[in-house]
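J.: Place chain G on chain E using the hints.
Number of protein chains: 2
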Amino acid sequence: MNLTPAIINRQGEMFGRAPPLLTDLYQFTMAYAYWRAGRHQEPAVFELFFRDDPFGGAFSLFAGLHDCLLFLRSFRFTDEDVEFLRSVLPPVTDPAFFQFLRGLDCSGVTLRSIPEGTVVFARVPLMEVAGPLAVVQLLETSLLCLVNYASLVCSNAARFRLAAGPKRKLLEMGLRRAQGPDGGLTASRYTHVGGFDLTSNVQAGFLFGIPVAGTMAHSYVTSFTSLAEVRPQTLVALNGADPVDIISLTKDWLSRVCEFLGGEPGKICEGELAAFLSYAIAYPQNFLPVIDSYSVGCSGLLNFCAVALVLCELDYRPVGVRLDSGDLCRQSLDVRRVFRLCGEHFSVSAFDSLIIVGTNNITEQSMAELNNKENEIDVVGVGTHLVTCTRQPSLGCVYKLVEVRGIPRMKISEDPEKSTVPGRKAVYRLVDAEGRPFLDLVCLAVESPPEAGVSLSCYPLMCDSSLVSVTPAQVTCLRQEVFTKGQVRTGCDCAQITVAVS
Amino acid sequence: MNLTPAIINRQGEMFGRAPPLLTDLYQFTMAYAYWRAGRHQEPAVFELFFRDDPFGGAFSLFAGLHDCLLFLRSFRFTDEDVEFLRSVLPPVTDPAFFQFLRGLDCSGVTLRSIPEGTVVFARVPLMEVAGPLAVVQLLETSLLCLVNYASLVCSNAARFRLAAGPKRKLLEMGLRRAQGPDGGLTASRYTHVGGFDLTSNVQAGFLFGIPVAGTMAHSYVTSFTSLAEVRPQTLVALNGADPVDIISLTKDWLSRVCEFLGGEPGKICEGELAAFLSYAIAYPQNFLPVIDSYSVGCSGLLNFCAVALVLCELDYRPVGVRLDSGDLCRQSLDVRRVFRLCGEHFSVSAFDSLIIVGTNNITEQSMAELNNKENEIDVVGVGTHLVTCTRQPSLGCVYKLVEVRGIPRMKISEDPEKSTVPGRKAVYRLVDAEGRPFLDLVCLAVESPPEAGVSLSCYPLMCDSSLVSVTPAQVTCLRQEVFTKGQVRTGCDCAQITVAVS
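Residue numbers (numbering that gives the first Met the number 0), protein chains in the order written: chain E, 0 to 501; chain G, 0 to 501.
Please keep in mind that the hints were generated in silico from the structure rather than gathered at the bench. Owing to the predicted nature of the structure, the values given are computational and were not obtained by experimental measurement. C-beta atoms are modelled at their ideal positions from N, C-alpha and C, and glycine is treated no differently. Be aware that one or more of the hints could be misleading.
Restraint-style ranges between C-beta atoms, simulated for each label pair [what the hints assert, rightly or not]:
(1) E/G55 with G/R75: 17 to 27 Å
(2) E/P165 with G/S465: 48 to 58 Å
(3) E/T489 with G/K166: 52 to 62 Å
(4) E/E416 with G/L260: 43 to 53 Å
(5) G/T233 with E/P42: 52 to 62 Å
(6) E/A227 with G/E416: 30 to 40 Å
(7) E/I406 with G/R85: 58 to 68 Å
(8) G/I354 with E/R404: 32 to 42 Å
(9) E/R85 with G/D414: 16 to 26 Å
(10) E/P231 with G/R75: 28 to 38 Å
(11) E/F58 with G/L260: 44 to 54 Å
(12) G/D104 with E/P165: 23 to 33 Å
(13) G/Q486 with E/R85: 29 to 39 Å
Residues of chain E placed beyond 12 Å of chain G at every Cβ, according to the derived structure [to be verified]:
(14) V108
(15) T214
(16) T224
(17) L260
(18) N285
(19) S298
(20) R321
(21) G325
(22) L394
(23) V426
(24) F437
(25) L455
(26) L460
(27) L466
(28) Q479
(29) Q486
Distance condition first, Cα-Cα at most 20 Å in a straight line; then the derived EDC-like pairs of lysine to aspartate or glutamate [what the hints assert, rightly or not]:
(30) G/K417 with E/D414
(31) G/K266 with E/E228
(32) E/K266 with G/D414
Just chain E, with the same shape it has in the complex (with noise of 0.2 Å):
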């Protein structure tokens, strides 16, 4: 996916929303220690990562690497800013403090990163940030913030996509259920790098040129009483010229599907059959209406089918239902083989094509479901649990310092996982003579790197500490220079996402 330069902009504005002081105190309370003792420009690395893969699985893709660069691009105080870290700071700080706080950016940071939509795993450093220590410190929430969910809600989107398998069209639509607006369209955005087709949320369209997708709500359906409401109440063929009185053509077609059917004129919602035919009149090629606001089966499925027929009879197709309640399998296998007798019966081939969209709290497991059950959906629609990743809603990167002085640092914890593993370190992908990537290698940065069919030896993270022997037929550094000195990198240029999986 390419974004044009006014998207950048638009972005660079967006994100604006991740202002500098958006961060814990404590960054500035340890930046004013380091500065007093005259530590602050000491050069320092610290590391991100993750202690465990999410959502008990075996992998996560990294993603949030452009908001990041955005953030240190701009990253800057305002006086306003200043005035209010006055405030909250210890009377006793120095005030030149706070002049050295006005004049900081990153110019002194450079920052070496996997590339966004990247498969990755636990414990492996995903960026390295270095530049002068009061600096890097400052910069640790923040960029903790924008990794953490943007990883997670990518990670969560492909599980999604493995278990929906590659053929069926994924529309994430969980904006308002999402935590907080930019939740949302942080969600809208990651997901679609982690191999979702759609999305509804439009401002993810305008500023990420997502596609967007959408047709009507219960709402709209329940908002029809009768079919007096429906305005204008003709239609046009799609290359006729005279206008055709679309409601006596719809009765017609409703009692004839009825008759064929078996269906009850009596249970059929006349509202429905409104807000159906009027939307159709709004938009005649892209009829999808929902079609369980009453019953699927005695009301909303032949009403959809009535005026189908008469979009087709105009040459227009109309384009399929969506299902939003109920047992989604059962009923789009009743559609589609009502779309069928439909279809041969009144000899419409348009039927043939007709797509059925289902939606109702989808979760990856019975997302996997889907799979083993029969069942006629093209098109899911997930919300709740992809946007909130109701089963792990947090991704817990930690940033970590590993170097200061050129002089390599560790945390040693109560909790023998919260220890770190000291020194600025490389990360290899090692892959074998299939082309496939079998092992990425973590080691210190200043060891020599593995050579292709060269066998080395290492340790496997997290198991037990017998070495094992491997040869790699390729090996490819997974991290880059994204940001160097204060400048994004050319092909860094926040413009490219790598979709991973798809």
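T.: Then chain G, alone, in the frame of chain E:
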């Protein structure tokens, strides 16, 4: 909490963050279909409510109203927005519709709402949005997005507060694990409404006036290797004039502490001592280090005592310590015992009032356990489980059409609990003779309100359908008109936040 006008302006900027495009595409396709049928100006009423209390509990707090008011007040499409909509809506869309959108605002909208921070219950309509059909339809997704997470995280905070009891101080520190930047900001804001005392989030302090707190992270501690890094190496006593050589004073105190407590000097980490001392020199009145970077018992606690005793000798008051790993309860007892022993032995009264802060993946359950297990933790910091609401990361508020042109509307669903209750309602809170609310009464707006001292019969929601009879001692109308024809009402001027649980 009162917000000054300056803060309101800042908020206004922030919540330009819920632009009117941040919604689902189908709101526009429906709006078009209404407009095409000439129905867009029909008076319509939507209700916002949730179907189940969150976290398996029996209540929720309602929050997000303030953001909704700011959103409604500034709801307007720009030329750029409209051009984007033109590019994604079907080409057949009448150009006059885009002119209609360009001129749209909330001048015809009226919002009746329960006040911010009120205890509320499932299925009670929290908000009633009345106005032109097309406009109130367009507002759906944004209002849901603004209320759902705010109410969820506010309710979660209230549950943590109830679990913690009224005395313990609670610090929100979840920004890094939040679902996106304003997920974090929203969390800081509404956990304060829900009963938290402090936040680590500086931006939340800046925008909302919430007290901010924080001192140091492990990275600060591990960045030091030796006492040579401590600069300056002197400190002036609180009311003194001459700089005191603090290095030799600290070494002296450390050996006295080790001797008294039986510490082994060989296990003391010098870098940690340097970090504590350096911080104490910078902020001698705010000394509260994290003491588990290496080992609490063998190093951190001894180093703390030495530096704290130096500060006491110079007439400063050390504040306390933070524990961030291991068994917090057990460690807090050990730490308190050492504080008491040192206080007595060295005759320093300041050691009697040292506070212990505990932070380590606290859940609502582990917070409740703090009340059953012996411990000495004064302040609890909560991050991940608070802000992401791990137990239930979304509140399922919905927005349902209940009336059009004065005619009640209803949705009947394949899932019975998704059916709606038609017609415009009024909501009353009934209070007993002791001043305790005992029932929220939902009735049709046209019904006469309940009267104090007069018995009435009602059906408990979601129970069996038997009538119950109650006599309120007092009746309050739970919803107020907070936005009328485009204007925020006086007294609801985006500055009112009611803290319902404290």
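J.: Run every hint past the structure and note whether it holds.
T.: Hint-by-hint comparison with the structure:
no.	hint	verdict
1	E/G55 with G/R75: 17 to 27 Å	violated (45 Å)
2	E/P165 with G/S465: 48 to 58 Å	holds (54 Å)
3	E/T489 with G/K166: 52 to 62 Å	holds (57 Å)
4	E/E416 with G/L260: 43 to 53 Å	violated (29 Å)
5	G/T233 with E/P42: 52 to 62 Å	violated (27 Å)
6	E/A227 with G/E416: 30 to 40 Å	holds (32 Å)
7	E/I406 with G/R85: 58 to 68 Å	holds (59 Å)
8	G/I354 with E/R404: 32 to 42 Å	holds (34 Å)
9	E/R85 with G/D414: 16 to 26 Å	violated (56 Å)
10	E/P231 with G/R75: 28 to 38 Å	holds (29 Å)
11	E/F58 with G/L260: 44 to 54 Å	holds (47 Å)
12	G/D104 with E/P165: 23 to 33 Å	violated (45 Å)
13	G/Q486 with E/R85: 29 to 39 Å	holds (37 Å)
14	V108	holds (16 Å)
15	T214	violated (5 Å)
16	T224	violated (6 Å)
17	L260	holds (18 Å)
18	N285	violated (5 Å)
19	S298	violated (10 Å)
20	R321	violated (10 Å)
21	G325	violated (3 Å)
22	L394	violated (8 Å)
23	V426	holds (21 Å)
24	F437	holds (32 Å)
25	L455	holds (30 Å)
26	L460	holds (20 Å)
27	L466	holds (28 Å)
28	Q479	holds (24 Å)
29	Q486	holds (23 Å)
30	G/K417 with E/D414	violated (46 Å)
31	G/K266 with E/E228	violated (84 Å)
32	E/K266 with G/D414	holds (18 Å)
Checked against the numbered hints above, the structure breaks hints 1, 4, 5, 9, 12, 15, 16, 18, 19, 20, 21, 22, 30 and 31 and satisfies the rest.
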